[in-house]
Amino acid sequence: MKNLTPFRLSLAGLALVIPCALISIVFFLTTYSWKAIGFNGFGFLGTINWSLGNLYANPVHQHGYLVPPGAKYGILAFIVGTLLSSFLAILFAVPISIGTAMFLAEKAPANLRTALTMIVELVAVVPSVVFGLWGIFVLVPLIAHVIGPAITATLGFIPFFNMNNSTGSGYGLLAASIVLALMITPIIATTLYDALDQVPRELRESAYALGATHFEVVTGTMLPTVRVTLIGAIVLALGRALGETMAVLMVSGGALNYLPGTLFTPISTMAAFILSQLDSALQDPSEMAVKSLAEIALVLFVITVIVNAAARLLARGTIRVIQL
Amino acid sequence: MSFSSDSPDLELVHRPRSGQTSLETRRYLINIIGWSLCTIAFLLVAIPMGDLILTIAVKGASAMSLKIFTTSSNGMTGGLLNAIVGTLVLSLGSLVFAVPIGVGGGVYLSEYGQNHLGAAIRFLADTLTGTPSIVLGYFAYITMVIGLGWKFSVLAGSITLAIMVVPYLARITELSLRRVPTTMREAAYALGAKDRTVALRVVLAAALPGVMTSVLLSLAISVGETAPLIYTAGWSNYLWTGRLTHAPVGYLTYVIWTFINEPSEKSHALAFAAALLVMLVVLTINVSVRFILRKRT
Numbered sequence: 002m003k004n005l006t007p008f009r010l011s012l013a014g015l016a017l018v019i020p021c022a023l024i025s026i027v028f029f030l031t032t033y034s035w036k037a038i039g040f041n042g043f044g045f046l047g048t049i050n051w052s053l054g055n056l057y058a059n060p061v062h063q064h065g066y067l068v069p070p071g072a073k074y075g076i077l078a079f080i081v082g083t084l085l086s087s088f089l090a091i092l093f094a095v096p097i098s099i100g101t102a103m104f105l106a107e108k109a110p111a112n113l114r115t116a117l118t119m120i121v122e123l124v125a126v127v128p129s130v131v132f133g134l135w136g137i138f139v140l141v142p143l144i145a146h147v148i149g150p151a152i153t154a155t156l157g158f159i160p161f162f163n164m165n166n167s168t169g170s171g172y173g174l175l176a177a178s179i180v181l182a183l184m185i186t187p188i189i190a191t192t193l194y195d196a197l198d199q200v201p202r203e204l205r206e207s208a209y210a211l212g213a214t215h216f217e218v219v220t221g222t223m224l225p226t227v228r229v230t231l232i233g234a235i236v237l238a239l240g241r242a243l244g245e246t247m248a249v250l251m252v253s254g255g256a257l258n259y260l261p262g263t264l265f266t267p268i269s270t271m272a273a274f275i276l277s278q279l280d281s282a283l284q285d286p287s288e289m290a291v292k293s294l295a296e297i298a299l300v301l302f303v304i305t306v307i308v309n310a311a312a313r314l315l316a317r318g319t320i321r322v323i324q325l
Numbered sequence: 009m010s011f012s013s014d015s016p017d018l019e020l021v022h023r024p025r026s027g028q029t030s031l032e033t034r035r036y037l038i039n040i041i042g043w044s045l046c047t048i049a050f051l052l053v054a055i056p057m058g059d060l061i062l063t064i065a066v067k068g069a070s071a072m073s074l075k076i077f078t079t080s081s082n083g084m085t086g087g088l089l090n091a092i093v094g095t096l097v098l099s100l101g102s103l104v105f106a107v108p109i110g111v112g113g114g115v116y117l118s119e120y121g122q123n124h125l126g127a128a129i130r131f132l133a134d135t136l137t138g139t140p141s142i143v144l145g146y147f148a149y150i151t152m153v154i155g156l157g158w159k160f161s162v163l164a165g166s167i168t169l170a171i172m173v174v175p176y177l178a179r180i181t182e183l184s185l186r187r188v189p190t191t192m193r194e195a196a197y198a199l200g201a202k203d204r205t206v207a208l209r210v211v212l213a214a215a216l217p218g219v220m221t222s223v224l225l226s227l228a229i230s231v232g233e234t235a236p237l238i239y240t241a242g243w244s245n246y247l248w249t250g251r252l253t254h255a256p257v258g259y260l261t262y263v264i265w266t267f268i269n270e271p272s273e274k275s276h277a278l279a280f281a282a283a284l285l286v287m288l289v290v291l292t293i294n295v296s297v298r299f300i301l302r303k304r305t
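As you go down the protein sequences, you meet chains A and B in turn.
Per our numbering: the first sequence = residues 2 to 325.
Per our numbering: the second sequence = residues 9 to 305.
Careful, some of the hints might be misleading.
Stated by the list, open to error - Cβ-to-Cβ under 10 Å is the rule here; a few derived chain B residues that face chain A:
| # | residue |
| --- | --- |
| 1 | 208 |
| 2 | 233 |
| 3 | 249 |
Treat the hints as calculated values from the structure; they're not laboratory data.
Since this is a predicted model, take the numbers as computed values, not measurements.
Cβ coordinates follow ideal geometry from the N, Cα and C atoms, glycine included.
Generate coordinates for the entire structure from the input sequences, incorporating the hints supplied.
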């Protein structure tokens, strides 16, 4: 037992703050939202119906809970908004990240490589709210006037790609997905860049010796050896996209109780909804609305913890602690 | 024989020659098209990033004036003094809580954490870095703002930011400490030094630049955060009064988020000025940290 000196124990105590923080997040979110979990049941996840009820009438008893008359809490629309925007972001980000990593690792001029890599790394440190600001001023007008009409002109015969079926403001699913894609690209690209750098030289040389072109060497022999790391990085990026708040809130348009019918329809994600709705939820004297928001936070937390844990297990030790 | 990507000779091998087969032509074309697509992919990241920096720099610089640093905001106009002070107080406040815990935890993970407990803490620290900041903010809202009755306050905001940056501090500290050669520890122990001396006076001292890096990066993260502060720090048009609880405080990222949704040009200018200040801090820290790290390796 010579290891249990007071010094080591006090350091272990400091380190244990981290697990304690995670446990207390779960504990307090669960206890605080307990009434909401009981009142909402499974319909919470499966219905598209978020209504605070009549906040000016006296609260009524419903299934044994005191709530404003007409109050209903169903968050399927926000779950769909979260999953759809993250899925589209991954769809955009994966090919771009792979291309970026291959370019930086293999094609970038040697004397510029450090600088070019830093540009990609710095995308990861731009604050979310600044991405939102750029989104409002540059991306949203671009979608409303250039990208949107172009997609409508080419794919408009499919209702999902027709901007005329939406508000056409530029705020919506596509804007949110593009901003998310830009934010998560450095996570995938830098991880893949590091991994390509670690591929044994012999592998590359034997592929060249067989007469492969440079592109074939990278795609045929180098990428397959790093595919587990790549998948881990994509899952990690998915976790980031699912929980992203500010940038999405600022460009998504904010939808309540409807599913996105087109690429240009406004959406709400779970994270953005929690942030934007607390003020109005606080008007509910029965507190059921605030507790239901806590339940959304709990659901979001559970989803992101699972996704992040999966990513860390997949790509153990190959993901940077911070995008440095 | 070197096959580095920088050798220009390599592409000569694939240059089309007379009498080559259609397969060779196809592979040659795929090579060209493939690398062109990769370059385009890079440009699709670099151009928006360049545009973002340029937009913030131009619009932010044109909104800059002395008034921004000398007066507080007044509704949606005025200056940013209250927000600048608030951001400094919140960020430095978060470091007060986060640095002892994060660095201490990092020392534990590096020096004594080669066991199951260390592995579990490492894994959970990485998981905590992936927790959405709004979830942390909501957790802090129900525990500190409501539960402890602190209301919107500097203390609630700082502690929330501290929870966010502690895992980064711990993990980066751990990585810097592990780069210190084992022989230094052995030499210190051989001289009769105790755990405390070896860990703090020898290893931590040798890794101090790396630890400072993690503190600076944590500062950059705190300065740029918004979501965890909205329901913990609140917002105030007035200068921070020095109260730790029961008094909301302003901060720069709030200005960016809310003032941009106001119709007046003056509020937009303030939002861009705030964005420029935040970006200057974040980019300066991140770029200089990279140069320091590259120089040392």
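These are the hints, each one checked on the structure:
Annotation: residue 208 of chain B was flagged as interfacial toward chain A, and the flag holds, the nearest CB pair being 9 Å apart, inside 10 Å. Hint status for residue 233 of chain B: holds, given a least beta-carbon distance of 7 Å to chain A, under 10 Å. A cut of 10 Å between beta carbons decides the hint on residue 249 of chain B: the least distance to chain A is about 24 Å, and the hint is violated.
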